[in-house]
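There are 2 protein chains.
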Amino acid sequence: MSKVRSYISVSLDGYVAGRDQSEENPLGVGGEQLHDWVVELKAWREPHGMEGGEENASSQVVREQQQGLGAEIMGRGMFGPPGGGPWPDEPWNGWWGEDPPFHMPVFVVTHHEREPLTLSDTTFTFVTDGVESALAQAKEAAGDKDVLIAGGAHIINQYLEAGLVDELELHVVPILLGGGERLLDGVGPDLKLEQLRAVQAPGAAHLKYRVVR
Amino acid sequence: MSKVRSYISVSLDGYVAGRDQSEENPLGVGGEQLHDWVVELKAWREPHGMEGGEENASSQVVREQQQGLGAEIMGRGMFGPPGGGPWPDEPWNGWWGEDPPFHMPVFVVTHHEREPLTLSDTTFTFVTDGVESALAQAKEAAGDKDVLIAGGAHIINQYLEAGLVDELELHVVPILLGGGERLLDGVGPDLKLEQLRAVQAPGAAHLKYRVVR
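From first to last, the protein sequence lines are chains A and B. Straight run, no breaks: the first sequence in our numbering ends on number 213. Straight run, no breaks: the second sequence in our numbering ends on number 426.
Calculated from the structure, these hints are not laboratory results. Here the structure is a predicted model, which means the values were calculated and not measured. Each statement offered as a hint is correct.
Stretches of chain B that chain A covers, calculated by requiring three or more beta carbons in the stretch to come under 8 angstroms of a beta carbon on chain A:
(1) 382-388
(2) 410-417
With beta-carbon atoms standing in for the labels, derived distance ranges:
(3) Asp302(B) <-> Gly186(A): 39 to 45 angstroms
(4) Asp233(B) <-> Glu54(A): 46 to 52 angstroms
(5) Pro299(B) <-> Glu40(A): 55 to 61 angstroms
(6) Pro260(B) <-> Glu54(A): 41 to 47 angstroms
(7) Trp87(A) <-> Asp233(B): 40 to 46 angstroms
(8) Asn269(B) <-> Gln60(A): 21 to 27 angstroms
(9) Gly266(B) <-> Asp121(A): 54 to 60 angstroms
(10) Gly298(B) <-> Pro202(A): 43 to 49 angstroms
(11) Pro82(A) <-> Thr331(B): 55 to 61 angstroms
(12) Glu264(B) <-> Gly52(A): 55 to 61 angstroms
(13) Gly52(A) <-> Glu237(B): 56 to 62 angstroms
Examples of chain A residues toward chain B, derived with CB under 10 angstroms:
(14) Ser11
(15) Leu170
(16) Pro174
(17) Asp185
(18) Pro189
(19) Gly203
(20) Ala204
(21) His206
(22) Tyr209
Just so it is clear, CB atoms sit at the ideal spot from N, CA and C, and this is done for glycine as well.
Here chain A stands alone, though its shape is the one from the complex:
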């Protein structure tokens, strides 16, 4: 059966982005370090159209999490531009250029209506009637594949709190950001988790959980 999954890199103090996110600094101060462990991996570079790359204990984790996905959901904060609010006059088409790395339908949860946007083989659909509606549409689009709740923290927290996520994998990076967007804030204490595994890898510990119903 298809699942709703989320995976995200998080600092040891629980942040998925640092302070002061901006167009120049989409992940906030220090936040780029959250992805140091992944960007050198062949398993990450290949689907992003880049050559070369390393193999290590993270490779299997990354390949596994990319497999079987049929649609993604992201928050307006992740789509951008930073600051949110009404769509700007100069069109904002996300951070990812003309060929976004998603290659599947993406549903953006926002308060501001907008026509769907197709860039290469990715179509962004803007959903203004809430997280449950976005999930219903994403499931429909994904068919028998899984739905990824991609981020940021606020949207993942909302889906977790609503009990709508089946699996959560945290890539815990050995840095402290000291502030920013905090994952799991406002989610506990009622959500029950079962630890599925912990994987030691260079520059990250991969902790995977199943939500217990």
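Given the coordinates of chain A, assemble chain B onto it according to the supplied hints.
Relative to the frame of chain A, chain B by itself:
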């Protein structure tokens, strides 16, 4: 060379104790679950004078962290009674009865002076002139052995922020407490960590870090 170490059980959302700590509920609401993974282990039961117990992937982690310790430091919050403040008229001798499980000198950081307290082979020394003084006294007492910063969160955070800890091991438990005493709060972003290992075990993931100087 002797080290300053800290290890502590923490919920996935970063708390080492839940909300509403009290004499009946020293670890706050839900906080006792933080120790479910350890209390059934032979490696924990034996030094606490209890029979039986399991062996699993946590056993070696627990034995290793108990080895080579010569002194401990704890905050007043961990020694109790809950609420802190001036020492009560009815003597409070900690949570651990007449034979505390420490078996080494313990230094309690507090704002309130008190004569040393000896219970069985543990002597509690109350230090009122700050964390650096407590560490100097603990190092002196430990000789060539290590010093443990035992908890709670507030005192560990202070030592981390001051750059006085060499190694930190977090036992990440698959629960969300949703509030309480948060580890690593106010510590980042300047502390640099190197991940030493991640160990998968029943009911916990053990993440160990070295502080990089």
